[in-house]
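> Chain by chain, the residues:
Number of protein chains: 2
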Amino acid sequence: MVEPVFQRVALIGIGLIGSSIARAAQEFPGLAGEIVANARSQNSLDRVTELGFADRCEIDPAKAVAGADCVILCSPVGTYAELAERIAPALKPGAVLTDVGSTKQSVIRDVGPFVPQDVHFVPAHPIAGTEFSGPDSGFATLFQGRWCLLTPPPGTDEAAISGLRKFWELMGAQTATMDAAHHDRMIAIVSHLPHLIAFTICGTADDLADETRQEVLQYAASGFRDFTRIAASDPVMWRDIFLNNREALLEMLGRFTEDAQAMARAVRWGDTNYIEDKINRSRKIRQSLIELKQA
Amino acid sequence: MVEPVFQRVALIGIGLIGSSIARAAQEFPGLAGEIVANARSQNSLDRVTELGFADRCEIDPAKAVAGADCVILCSPVGTYAELAERIAPALKPGAVLTDVGSTKQSVIRDVGPFVPQDVHFVPAHPIAGTEFSGPDSGFATLFQGRWCLLTPPPGTDEAAISGLRKFWELMGAQTATMDAAHHDRMIAIVSHLPHLIAFTICGTADDLADETRQEVLQYAASGFRDFTRIAASDPVMWRDIFLNNREALLEMLGRFTEDAQAMARAVRWGDTNYIEDKINRSRKIRQSLIELKQA
Numbered sequence: 401m402v403e404p405v406f407q408r409v410a411l412i413g414i415g416l417i418g419s420s421i422a423r424a425a426q427e428f429p430g431l432a433g434e435i436v437a438n439a440r441s442q443n444s445l446d447r448v449t450e451l452g453f454a455d456r457c458e459i460d461p462a463k464a465v466a467g468a469d470c471v472i473l474c475s476p477v478g479t480y481a482e483l484a485e486r487i488a489p490a491l492k493p494g495a496v497l498t499d500v501g502s503t504k505q506s507v508i509r510d511v512g513p514f515v516p517q518d519v520h521f522v523p524a525h526p527i528a529g530t531e532f533s534g535p536d537s538g539f540a541t542l543f544q545g546r547w548c549l550l551t552p553p554p555g556t557d558e559a560a561i562s563g564l565r566k567f568w569e570l571m572g573a574q575t576a577t578m579d580a581a582h583h584d585r586m587i588a589i590v591s592h593l594p595h596l597i598a599f600t601i602c603g604t605a606d607d608l609a610d611e612t613r614q615e616v617l618q619y620a621a622s623g624f625r626d627f628t629r630i631a632a633s634d635p636v637m638w639r640d641i642f643l644n645n646r647e648a649l650l651e652m653l654g655r656f657t658e659d660a661q662a663m664a665r666a667v668r669w670g671d672t673n674y675i676e677d678k679i680n681r682s683r684k685i686r687q688s689l690i691e692l693k694q695a
Numbered sequence: 401m402v403e404p405v406f407q408r409v410a411l412i413g414i415g416l417i418g419s420s421i422a423r424a425a426q427e428f429p430g431l432a433g434e435i436v437a438n439a440r441s442q443n444s445l446d447r448v449t450e451l452g453f454a455d456r457c458e459i460d461p462a463k464a465v466a467g468a469d470c471v472i473l474c475s476p477v478g479t480y481a482e483l484a485e486r487i488a489p490a491l492k493p494g495a496v497l498t499d500v501g502s503t504k505q506s507v508i509r510d511v512g513p514f515v516p517q518d519v520h521f522v523p524a525h526p527i528a529g530t531e532f533s534g535p536d537s538g539f540a541t542l543f544q545g546r547w548c549l550l551t552p553p554p555g556t557d558e559a560a561i562s563g564l565r566k567f568w569e570l571m572g573a574q575t576a577t578m579d580a581a582h583h584d585r586m587i588a589i590v591s592h593l594p595h596l597i598a599f600t601i602c603g604t605a606d607d608l609a610d611e612t613r614q615e616v617l618q619y620a621a622s623g624f625r626d627f628t629r630i631a632a633s634d635p636v637m638w639r640d641i642f643l644n645n646r647e648a649l650l651e652m653l654g655r656f657t658e659d660a661q662a663m664a665r666a667v668r669w670g671d672t673n674y675i676e677d678k679i680n681r682s683r684k685i686r687q688s689l690i691e692l693k694q695a
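Sequence order for the protein chains is A and B. Reading the first sequence from the start, the letters are residues 401 to 695 in the working numbering. Reading the second sequence from the start, the letters are residues 401 to 695 in the working numbering.
Be aware that one or more of the hints could be misleading.
[To be verified] Listed next, the stretches of chain A that the computed footprint assigns to chain B, with coverage defined by at least 3 CB atoms under 8 Å from CB atoms of chain B:
no., stretch
1, 531–539
2, 625–631
[Said to hold, decoys possible] What follows is a list of derived Cβ distance ranges for each label pair:
no., chain 1, residue 1, chain 2, residue 2, range
3, B, Glu427, A, Glu647, 53 to 63 Å
4, B, Ala481, A, Glu691, 31 to 41 Å
5, A, Ser441, B, Thr657, 34 to 44 Å
What the hints contain is simulated information worked out from the structure, not anything from laboratory work. Computed from a predicted structure; not experimentally measured. Glycine included, C-beta positions come from ideal geometry on N, C-alpha and C.
Isolated chain A, as found in the complex (with noise of 0.2 Å):
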């Protein structure tokens, strides 16, 4: 029998992210000797029950996280700074607090000032994820070959975060360590930023007249479709990543609509070699992504 990283892990919600972590622990050894979840709702828990791939469910967070050696805060993240206030209390000296959140700076400055001293806080976001949410779909193989980043704080203990770099490691994941801030820009232009866009264009559609609004989902073939997919998202958990990534957000869509601008300019001018050469940037891009095996 191998020991386990963490003996006791606690998820707080139970969606997507939550219910694969549940469902890799009970697949892969050595992941975690007993998995608690915790949701919002009785509805979730019932459902979580029906599935089986908790050992216990509790409603009361602070009950939840009760003896557990890791807590990861699965929910939304404008969720964090209630739950913490509420979990604090409970938590065990020792344990890991972390999450799965896709803003780290938002999550230190809402859980952070909660942290009891002897408990390790190592902000976490695995970089995956479908269009689909809730604890029936999830998958325990989400998290191979992605990335999952820590944005541990100055000082953090460094066995906390060596433990949970393992946990990931166990559920196929690469990890890495970088700066909140840092993280917080970088996504903001992978992931943040072409969400926004795909809602909006989706909006942009809708807004059509009733006829072309049609043929537009019929002749969703040519590009459209592939904005879709993204913006199939759940609702309150992306509203909270932008209201909780508010500044680099708000800058890379500054950038991006300047560089926007530009490419409507050459288009009404004409600019051949300024609309190419945008256009071959992107290939190469495209090809970068295929040599690292991103795409």
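Here the structure of chain A is known, so what remains is to put chain B in place on it, guided by the hints.
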């Protein structure tokens, strides 16, 4: 032996679309008795000969179209005016002259004036493609389950239209007829604008500092990747499309930009209802696509 829709088909341009038509004609009976391929470069034609999907290759477009019952322009739309002028005197009386370009008003503007009275001009646009280009990239099933939109000018011979419809339907496509101006506006939002956005965001990311650029590639899985697939398309083809659907594209970009700025304002001021509402609309559009089997 089935009588083919067209005895001889001349393909002017033999990239992704042209070579897919040639391959389909080889594979599916009843399409064409003979395929003549034309390309701008001898290198491309040599490759076509090696690949063996054409009955004959002609470097001179006028020779390629001579005696053809159907001539299909499959090169970038920016080449059509010059090509039309060159091939017009060689077109066979009663032939169907068509194309596969993504902009239809420009085709009527550029090709229309050269079309002899006894030739049937039926502009068309198969909504199909991949991010690959060149004669190696085509395949016989590219059009299966896809749409081909026909935009014949008023008064076009009905037999010519229905012959071309049959040709596309035998390749597995569904066909519809519409006005060219309407086509261009609708395709601007479902295809041209998404491509412009994808090209632009790749450039915005590429302009970031060296360190971040490497990370953008590394962590692209979170959304950016979906944009880069369509950004890998052929630069000359897309340059020509943008320049030849300028007005509709700039109008749709204008609408999109307004909507993106409204979303930015909601993010800045924390307007949670606005953000959630927009994301929920996007989800519904994705759901409609799934129901229409377009996603």
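> Does each hint hold? Answer for all of them.
Now the hints, each set against the structure:
Given as covered by chain B, the stretch 531–539 of chain A fails the check, having 1 residues with a CB less than 8 Å from a CB of that chain where 3 are the minimum. Coverage of the stretch 625–631 of chain A by chain B holds. Counting CB-CB distances below 8 Å, 7 residues qualify, and the rule asks for three or more. Our hint of 53 to 63 Å for Glu427/B and Glu647/A holds, since their Cβ atoms are close to 55 Å apart. About 39 Å separates the C-beta atoms of Ala481/B and Glu691/A, a value consistent with the hinted range of 31 to 41 Å.
Between Ser441/A and Thr657/B the beta carbons are some 39 Å apart, a value that agrees with the proposed interval 34 to 44 Å.
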